[in-house]
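Knowing the structure of chain A, use the given hints to seat chain B on it.
There are 2 protein chains.
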Amino acid sequence: MSFEHIHLRIPGPTPVAPRIQRAMNRPMVGHRSGEFSKMLMETLERAKRLFQTEQDIMVVSGSGTAGLEMAVANLVTPGDTVLVLVTGVFGDRFAKIAAAYGANVKRLDVEWGMGIDPDAVQEALTADPAIKAVFATQSETSTGVANDIEGIGKVVREFGKLFVVDAVSSLGAMELKMDEWGVDICVTGSQKALMLPPGLALIAVSELAWKAIDANQNPRFYLDLRAYKKSLKDQTTPYTPAVSLIYGLAESLAMLEEVGYENSFRRHLLMRDMVRAAVKALRLPFFTEETYASPTVTAVNGGGFDPEAVRKIMRQEFGIVLAGGQQHLKGKIFRIGHMGYMTPLEMLSTIAALEVALKKVGWEFELGSGVRAAQEVLLG
Amino acid sequence: MSFEHIHLRIPGPTPVAPRIQRAMNRPMVGHRSGEFSKMLMETLERAKRLFQTEQDIMVVSGSGTAGLEMAVANLVTPGDTVLVLVTGVFGDRFAKIAAAYGANVKRLDVEWGMGIDPDAVQEALTADPAIKAVFATQSETSTGVANDIEGIGKVVREFGKLFVVDAVSSLGAMELKMDEWGVDICVTGSQKALMLPPGLALIAVSELAWKAIDANQNPRFYLDLRAYKKSLKDQTTPYTPAVSLIYGLAESLAMLEEVGYENSFRRHLLMRDMVRAAVKALRLPFFTEETYASPTVTAVNGGGFDPEAVRKIMRQEFGIVLAGGQQHLKGKIFRIGHMGYMTPLEMLSTIAALEVALKKVGWEFELGSGVRAAQEVLLG
Chain A
1 MSFEHIHLRI
11 PGPTPVAPRI
21 QRAMNRPMVG
31 HRSGEFSKML
41 METLERAKRL
51 FQTEQDIMVV
61 SGSGTAGLEM
71 AVANLVTPGD
81 TVLVLVTGVF
91 GDRFAKIAAA
101 YGANVKRLDV
111 EWGMGIDPDA
121 VQEALTADPA
131 IKAVFATQSE
141 TSTGVANDIE
151 GIGKVVREFG
161 KLFVVDAVSS
171 LGAMELKMDE
181 WGVDICVTGS
191 QKALMLPPGL
201 ALIAVSELAW
211 KAIDANQNPR
221 FYLDLRAYKK
231 SLKDQTTPYT
241 PAVSLIYGLA
251 ESLAMLEEVG
261 YENSFRRHLL
271 MRDMVRAAVK
281 ALRLPFFTEE
291 TYASPTVTAV
301 NGGGFDPEAV
311 RKIMRQEFGI
321 VLAGGQQHLK
331 GKIFRIGHMG
341 YMTPLEMLST
351 IAALEVALKK
361 VGWEFELGSG
371 VRAAQEVLLG
Chain B
1 MSFEHIHLRI
11 PGPTPVAPRI
21 QRAMNRPMVG
31 HRSGEFSKML
41 METLERAKRL
51 FQTEQDIMVV
61 SGSGTAGLEM
71 AVANLVTPGD
81 TVLVLVTGVF
91 GDRFAKIAAA
101 YGANVKRLDV
111 EWGMGIDPDA
121 VQEALTADPA
131 IKAVFATQSE
141 TSTGVANDIE
151 GIGKVVREFG
161 KLFVVDAVSS
171 LGAMELKMDE
181 WGVDICVTGS
191 QKALMLPPGL
201 ALIAVSELAW
211 KAIDANQNPR
221 FYLDLRAYKK
231 SLKDQTTPYT
241 PAVSLIYGLA
251 ESLAMLEEVG
261 YENSFRRHLL
271 MRDMVRAAVK
281 ALRLPFFTEE
291 TYASPTVTAV
301 NGGGFDPEAV
311 RKIMRQEFGI
321 VLAGGQQHLK
331 GKIFRIGHMG
341 YMTPLEMLST
351 IAALEVALKK
361 VGWEFELGSG
371 VRAAQEVLLG
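Top to bottom, those sequences are chains A and B.
Under our numbering, the residues of the first sequence are numbered 1 to 380, in order.
Under our numbering, the residues of the second sequence are numbered 1 to 380, in order.
Chain A extracted, bound-state conformation (with noise of 0.2 Å):
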């Protein structure tokens, strides 16, 4: 099979949009040009509405654990308490990010494909008055988990705690209102719902959140909040930009308000009931509880079939990428990816796909029945 058909059915990064891939040819300018300056913040000012917040928006160059590493870097001090709610890899990551910085790090784990009860928050908060600040993620992809951050950011307001959420996996695919849920830090980043590669950071700040950092006497440099806060003064960044990535972003902003907010977390809520109903006509078992059944990744368990083997055929047959598990779960489940550049019909192939793989390790289903189920969703 070529290189070329490549069908990204993972969580990130997910295929580029043709648009954006055209915007990101556009020639080299200097970074320090007025018209990139023009362009960045005019791009800058529309991404406020992707995270729903009245707030300035930065950019930095770099993965979106850059970005998380941003908000523990500038947030935290050696000493202090917080408390990460850890719901897989992505929840694991931030608290190894914050005892990396010295802070006193409480988890409030639950069992992987579950996500955080706001009461065990609650609980959490009461039992321990020195925590500071609440780390938390939207849509965990490692379990495919998306975790109430309205739920969780009352009770982080009630007890006058800062609120970090990353938002790298969902935002844009889920609503998530930075301002009216509290949220003090919100993440993203550009392979997710964006439709962009990866490379790109965002990340808004609270002016609660801003006094934490200004106080803050961590060394930080490239990671540091308050450089790209003045450079925002001088609508530039503080460091060399992502020029390209840049381009790629203002496009990306642009198709998501062309398409409207609303009709893309609507359309992933369909692609995941679309893939949903297939899985349960299939009867394969769910690894996430139903509850917290995330809008961008499905997880399957295996159990019954070897989920590296549908993943080999996928790949091989099709060209369709699934995700594997990660951590211990390597091997046990395997994930569908349904964010981005994608829409219902990608679901259909995909649900057609992964029947013919399962027929082929042997398992038992009435073949037509994953896509008929999805169908059914579709036509409402």
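Where hints are given, some of them may not hold.
Unchecked claim - The list that follows gives simulated cross-link-like pairs (lysine-lysine, DSS-like), each with its CA atoms no further than 27 Å apart:
#	chain 1	residue 1	chain 2	residue 2
1	A	K154	A	K233
2	B	K330	A	K233
3	B	K233	A	K330
4	B	K332	A	K230
5	A	K229	A	K177
Keep in mind that the hints were calculated from the coordinates and are not lab data.
All values reported here derive from a predicted model rather than from experimental measurement.
Okay, now just chain B, sitting in the frame of chain A:
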């Protein structure tokens, strides 16, 4: 003028080579896939020839400054004494990053436009035996100065200190023999001689430097070199890489090898010499002391004319972008970048256009004399 007609003659970002642009347009793949892993490892293996080292090359998604901070954050512990050789904005940046990490920073400053004399480094190291590491810039783009890394390296090695070199604006355009010259950490960026958009930094580390890095307890996560080293063993990166820029890097290194590094160095020297001959013929004052003239950028002093007016005409009439001065040189110099995807032909057109612009601002010289001087250099 259409936005498409833009001719970058700045010391980065430089024009992206069309072949690289096409390579970057390849469809997205999963960054944990076998295909990507294979390409990444082949590319990093190839990059050893760029650095002239047998050490592993690591790649981080971020600007050149992220690479510089990686060197500091991993090497320097609070209270360490370091010597920073400052010849302009980027030497100054190294000093600022080191200070942010709590280093006791000794600066060896020279007048901007001058380079560092290795004897002065010898004196500084003799005067303060506490110095742990020396930080230098190979090509200081703010002043058009190239420092003698080989000569400085000899001195640093004699004293048994660690030697860190910012080769962001030079590697691939200028000789740098990392292992032979005793460079312990070498950093470069994508948007200069590599002909890529900004967004990647490459870094290589000597065995001596690894010892200091492994013993260093500084908080760090995204820029933690140990994580990059560990991931290399698994043929991957610790955090999501900027996939399309990695495609481009693979193509860039292939191009540089086809051209031949020696030929690339010679072409950059030729372009420099053409520009300098023209500047001299046009009776423009050089900003940079001749001994230290960088192969990648030439700085011209204003004085008899307004450099900003010249830049404006070049941009508006020809779409040619020259760089201005930075910090206290703002409005006092202009800089001509001759780096990356550029040939002697572009030097001739740039000089011809520059003559037109200079006439318009009232500078007196014989029209065509700059072009003729450059042609003579080209003819040899």
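Tested hints:
no.: 1; hint: A:K154 x A:K233; verdict: violated (32 Å)
no.: 2; hint: B:K330 x A:K233; verdict: holds (19 Å)
no.: 3; hint: B:K233 x A:K330; verdict: holds (19 Å)
no.: 4; hint: B:K332 x A:K230; verdict: holds (25 Å)
no.: 5; hint: A:K229 x A:K177; verdict: holds (21 Å)
Hint 1 from the list above is the single one not met by this structure.
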